[in-house]
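Visitor: Read top to bottom, the protein sequences are chains A and B.
Going by the numbering used here, the first sequence opens with residue 1, and the numbers climb by one from there.
Going by the numbering used here, the second sequence opens with residue 1, and the numbers climb by one from there.
Hints were generated in silico from the structure; no laboratory data involved.
Note that the Cβ used here is the ideal one computed from N, Cα and C, for glycine as well.
Heads up, some of the hints might be wrong.
As the list claims (entries may be wrong) - Stretches of chain A that chain B covers, calculated by requiring three or more beta carbons in the stretch to come under 8 Å of a beta carbon on chain B: (1) 20-28; (2) 55-68; (3) 125-135; (4) 177-186.
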Amino acid sequence: MTHAAATHHTSLGLDNRKMAFWAFIGSECLLFTSLISTYLVYKGRSVVGPYPHEILNIPFTSVSTFDLLMSSLMMVLALAAVQRGDMKWGKIWLFSTALLGLVFLGGQVIEFTEFVHKGLTLSTNLFGCTFFVLTGTHGAHVAVGVLWLLTLWVRALQGKLGPANAMTVEITGLYWHFVDVVWIVIFTVVYLIP
Amino acid sequence: MSEHAPGAAAHEHASVRTYVRVALILTLVTAFEVGVIYIRLLTPIVVPLLLAMSAAKFALVAMFFMHLRYDARPLTAVFVGPLVIATGLAVTLMTLTGAFLVFGR
Chain A
1 MTHAAATHHT SLGLDNRKMA FWAFIGSECL LFTSLISTYL VYKGRSVVGP
51 YPHEILNIPF TSVSTFDLLM SSLMMVLALA AVQRGDMKWG KIWLFSTALL
101 GLVFLGGQVI EFTEFVHKGL TLSTNLFGCT FFVLTGTHGA HVAVGVLWLL
151 TLWVRALQGK LGPANAMTVE ITGLYWHFVD VVWIVIFTVV YLIP
Chain B
1 MSEHAPGAAA HEHASVRTYV RVALILTLVT AFEVGVIYIR LLTPIVVPLL
51 LAMSAAKFAL VAMFFMHLRY DARPLTAVFV GPLVIATGLA VTLMTLTGAF
101 LVFGR
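Bound conformation, chain A alone (with noise of 0.2 Å):
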């Protein structure tokens, strides 16, 4: 990114690319708060099984959860290690949060494999449709995110990153988060309320 890029503001005096991003997470708001409300009106209205108390493994998805958690512990001391210019905790950091998304994506096909087996797809009854439409647009957000950290993993080790681009990563952090809070709330609404 060119510095000129990188000097554009608001009239706020806030960076537009940081405002821009705000609202691309508010318009995403919108988007995972229909298929959470989607799955909660649907909730126990499946007439034939799979049944989510009979399929829901708690344990196997609060081990992704503290991994998805630890994620964004790595992604802000990413940040706060560019910001500072260590740019060797920096590429540590931002390679740490890639490689637990990818855990957390490893567990997500180890869990959807688990459950087609079980007979449960996307078309079998309203919970498997509702699920996998939840939870898989949530994986895809994620899979995105781990390419976009590797993405700056790479620029990182070609020396193209430093504190210069701290705004790049910060934004980048932006989006791991919000992933992260969702999954937050799926956790809750999808696997732990009765």
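Chain A is fixed; fit chain B onto it per the hints.
Guide: Below, chain B without anything else, positioned relative to chain A:
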């Protein structure tokens, strides 16, 4: 931060120690969330309890990890505005379709 305009307020973010403390709290709350669903005594209040803990975790991540506590207020407004609208729409939709009855079963 180096990319702020000369007239813009440069907002300091939290320290690494604060980030680690927040992560520890998030982990403890998650453990408590998982624990309460197995405590039969808490069954009558488990749904509001889980929702409150989820909201607390959401707020912690947004305030500290997403820096809303330290950043300019307009950024908070751009996020919280759609969030309030979305939550209102979700509650309205669920009320109209009787989805809240599910929690009572």
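Visitor: Each hint: holds or not?
Guide: Tested hints:
no.	hint	verdict
1	20-28	holds (count 5)
2	55-68	holds (count 5)
3	125-135	violated (count 0)
4	177-186	holds (count 6)
When each numbered hint is compared with the structure, a violation occurs for hint 3 only.
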